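My request is simple: use the sequences and hints to build the entire structure.
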Amino acid sequence: MTKREKVEFVIESLEDLYPETPIPLDHKDPYTLLIAVLLSAQCTDERVNKITPLLFKKANNPYDMAKLSPEEIQAIIRPCGLSPMKSKGIYGLSRILINNYNGEVPADFQALEALPAVGHKTASVVMSQGFGFPAFPVDTHIHRLMFRWNLSNGKSVEQTEKDAKRLFPQECWNKLHLQIIFYGREYSPARGWNLEKDFISKRIGRKSLLKKTFGVNALG
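In the working numbering, each residue carries its 1-based index in the sequence shown increased by 35.
No false leads were mixed into what you were given.
FRET-style restraints, in silico, Cβ to Cβ:
#1 Ala110 / Arg39: 48 to 54 Å
#2 Asp143 / Arg201: 20 to 26 Å
#3 Glu107 / Glu193: 33 to 39 Å
#4 Ser104 / Lys200: 37 to 43 Å
Each computed DSSO-like pair below joins lysine-lysine, with the alpha-carbon atoms no more than 30 Å apart:
#5 Lys190 / Lys200
#6 Lys93 / Lys123
#7 Lys123 / Lys92
#8 Lys232 / Lys156
#9 Lys232 / Lys190
#10 Lys210 / Lys200
#11 Lys63 / Lys200
#12 Lys38 / Lys190
#13 Lys200 / Lys38
#14 Lys237 / Lys200
#15 Lys123 / Lys85
#16 Lys156 / Lys63
#17 Lys242 / Lys41
#18 Lys210 / Lys232
#19 Lys38 / Lys156
#20 Lys190 / Lys210
#21 Lys123 / Lys102
#22 Lys197 / Lys38
#23 Lys92 / Lys63
#24 Lys123 / Lys63
#25 Lys41 / Lys156
#26 Lys63 / Lys93
#27 Lys197 / Lys41
#28 Lys237 / Lys156
#29 Lys200 / Lys242
#30 Lys197 / Lys237
#31 Lys210 / Lys85
#32 Lys200 / Lys41
#33 Lys210 / Lys156
#34 Lys156 / Lys93
Keep in mind the hints are simulated off the structure, nothing from the lab. Note that the structure is a prediction, hence the values are computed from the model and not measured. Ideal Cβ placement from N, Cα and C applies to all residues, glycine included.
In structure tokens:
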């Protein structure tokens, strides 16, 4: 199977499995999405969705958030982990949005990445899911599957993103990155990987990895 055929197989398979791609993090606008994505670093979406209602009840916009202290924010978001860094980031970026952007989240990669505690992945998610700009945020699931599917070398998240953007049509990016995440969670997890369940990897996966993990017979 050629790389182009692999890409087409992935797109078709994921479209069959996940024709709809609801955004996993609960939010009402780009600001609440930005905060939710920031909180999701090294934390599950499920836990974030339990914490954000408590935080947004007190402050769901930068003006109200800036009225809280970093310590008050930290006390609420502590279950999400990395709370000292995240609370300072939320407080700091809220003040910047007020002072520099009239309280609005800028629809600009460079401006987003300049905000405290906002990296490239967070900016990509906000641009994709908040503003509809073509982006391909790479999380641990996408990084793992692009390697398992022999579509990237797995050396860095940056390289995986470049490969994904090169291989997949731009019009698919915003939906496809969510579909791959959903598939990774359901069919191809990091632990407890079941090749019989992970039919995409079984069909197009990196043979050396599959042979090492499952034996020669698993490759068919």
